[in-house]
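Novice: Residue strings, one per chain:
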Amino acid sequence: MNKKLTGLSIAIVLNLLLLWTGAAHAQCKLGVPAIKVGVQGAASGPHSDYGRQIEMGSTMAAEEINAAGGILGCKVEIRFMDDENRAATGVRNARLLVTDWGAHFLVGTDSSGVAMAIGPVLAELKRIQFFTHAATHRLTEELVAQKGIREIVRVSVPVYQDAIIAALIFKDRKDVRRWATIGADYEYGYVSWNLFKETLKKYRPDVEFVGEAWAPFLTLDFAPHISAVMAQKPDAIFATPWAGEAVQLLRQALIQGVFDNVQVWWQAMGGSVDVLEGIAGEVQKDRFKGKLWATARYIHNWPDTPENKAFIERFTKRWKRYPNYSAETTYSAFFVMKAAVEKAGSLDTAKVVDALKGMQIRNPGGVRTFRAEDQQFIYNVPAGRPMMDPKYPIPVLGDLKIFQAQDYYRHPPFTPVSIAK
Amino acid sequence: MENIVFQGCVGLSLAMYLWLISAGLTIIFGVLRIVNFAHGSLFMVGAYLAYTFYGQIALPFWLAILLSVAGTGVLGLIMERGFLKRIYGVDEAYQLLLTFGFILILDDAVKMIWGGVFKIPPMPEFLDGAWMIVGRPFPIYNVFVIAVGVLVAIVLWFVFEKTWWGRIVRATAADREMASAIGVRVPRVFSGVFVAGAMLAGLGGAIGTPVRVAAPGIGTAMIIQAFIITVIGGLGNLKGAFVSSLIVGVLSAYGTLFFPVFELFFIFIIMVVVLLVRPQGLFAR
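Chains as they are written, first to last, in our numbering: chain P, 1 to 421; chain A, 1 to 285.
Don't read these hints as lab results, they were simulated from the structure.
Treat the numbers as computed from the prediction; the structure is a model and nothing was measured.
Where hints are given, some of them may not hold.
As the list claims (entries may be wrong) - Here are the simulated DSS-like cross-link-like pairs (lysine-lysine), alpha carbons at most 25 Å apart as the crow flies:
(1) Lys126/P with Lys29/P
(2) Lys309/P with Lys391/P
(3) Lys291/P with Lys75/P
(4) Lys320/P with Lys343/P
(5) Lys289/P with Lys391/P
(6) Lys338/P with Lys202/P
(7) Lys320/P with Lys162/A
(8) Lys317/P with Lys111/A
(9) Lys285/P with Lys111/A
(10) Lys309/P with Lys291/P
(11) Lys75/P with Lys174/P
(12) Lys317/P with Lys119/A
(13) Lys85/A with Lys320/P
(14) Lys401/P with Lys174/P
(15) Lys291/P with Lys391/P
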């Protein structure tokens, strides 16, 4: 009897095992145990919230995809790594994720500097990375359109958003003639400012660019930068330090009385959740006097669609925070990847890239359309002024200016933009 | 002309943060002969504590600063008594490893305790606003920082030059064996000096919180500048640290105004010139 029971239980266990492994394999139509996605972002230092948001966005996307049966029946598995906002670390992580861990796809990357270093490596690794924050136009214009690295796909907006929209909004402000920049002292800051100058000059030959000050990462005190550009008596400031540095910069500008003396302050990525949280008190007291303008790569209060509302609801329930743009772009990148893999029916890099052609996909951030020439997804993100909205506990962007991305994005063939400061 | 005066004032406030952190660094080196790489991390901890006491618990600003300074001092005591004292006799490479280890540990510890998002408390109301200097608004907060820096300089000068305690510390710095022979309890002096240095770093971090931010990694940003300053001023020399803080703070502010594209090189050029002309530092004996 005992023997019989043992034999029976062994049989049951074996059966269960067979069923289990069989189930996992039989369901995945791509013949892999799981689709592995390596995710990277800046998860240390003053910009660490962006990496964290990338991690939250990717985790939630993987959970949702897996709960709904995976991609062609395959489970999605993610591994997040901190790139420390450093090019060398980002490249090392990318290699490690692909060669050691066996990633099929890569997603993320915050800094333009890191992205430009990873780009060429992707061709060598033969893996697609869906970029979800890094914004330099060169990633798509140079590395994709000119050098033909098809492994680069950008789901988030390029610097067109930071620079061209600003020019479009302020070209009609006749009272704003003298511009100065307080810039992030690296690729992103230089190209935003140069593209802004180039675009605005076309509409307004009378504007002057009167001053510039550059602040590297980990600048704690912007006081000398602020006073240096204010010495030129500008009408408007074009600012590109981001994350915690944007909050510091804005608060230090307030105590130097900048908002009594300028008409406009453009804070390129000021619509990010961490920045809006950081300046909430000042927005409540209207200390920016309506002169502060910002955009982002997605804002939590726009677009007003059921998809976005549902996304916000799930995200805030899952993480007890609002998603910033790197969370939305990363989350959406997973669904772009899902759609492409399903269409390709394969994990093969070339086939997945082909499957992206003509893709139009509805995400929380709106409808994204793939542009094949530079492998850039195109979608609208408005700019506006930070203000309180009773519906939200943190400031939102209001007084929204919406432009069609189709119209204001640069188009191939691309003319070079200066990358010098 | 107005712009030059104004930028100089801004530079002065920058200099005071640099002074507070390099003062502790240089005192610790002068007496303990320890190159404390984790000194910047103490600055960061001071900033986070100020955020907690002032921004979260909402204690009065002054009290919050005092508690943050005290808290950083306690951390300094733990570091010195628990770890550093074990390696006084051994090779200097161990100091490097140990203090560098503290940087990594403290960076991760603040992330675990306070999270990865930067922290910034509201501005204390009595320090909000600006005074007019040469017709331009100069933040009251920066005036406050300058005042604190100068006050600390006076107190340190007084303690070291005019008190019995200061004489003991100077004696220990000059010759620890001789000091020990005449009855100075050297280990206690070491602890006291290390704690005092830690408190200075904590003070620098704490008074910066309302305008700067508390974030992982700000310690490393400060420590490099602090080292440059102590090298320029002469390692272990307090007067040198004060003067070279002023030089570096004011010149880097002018660098931003006049040479925005090369501003970063400025401070390094000063260091290189000093090292070439006077390798022992401007004020070393």
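Novice: If you check each hint against the structure, which ones fail?
Specialist: 3, 4, 6, 7, 9, 10, 11 and 13
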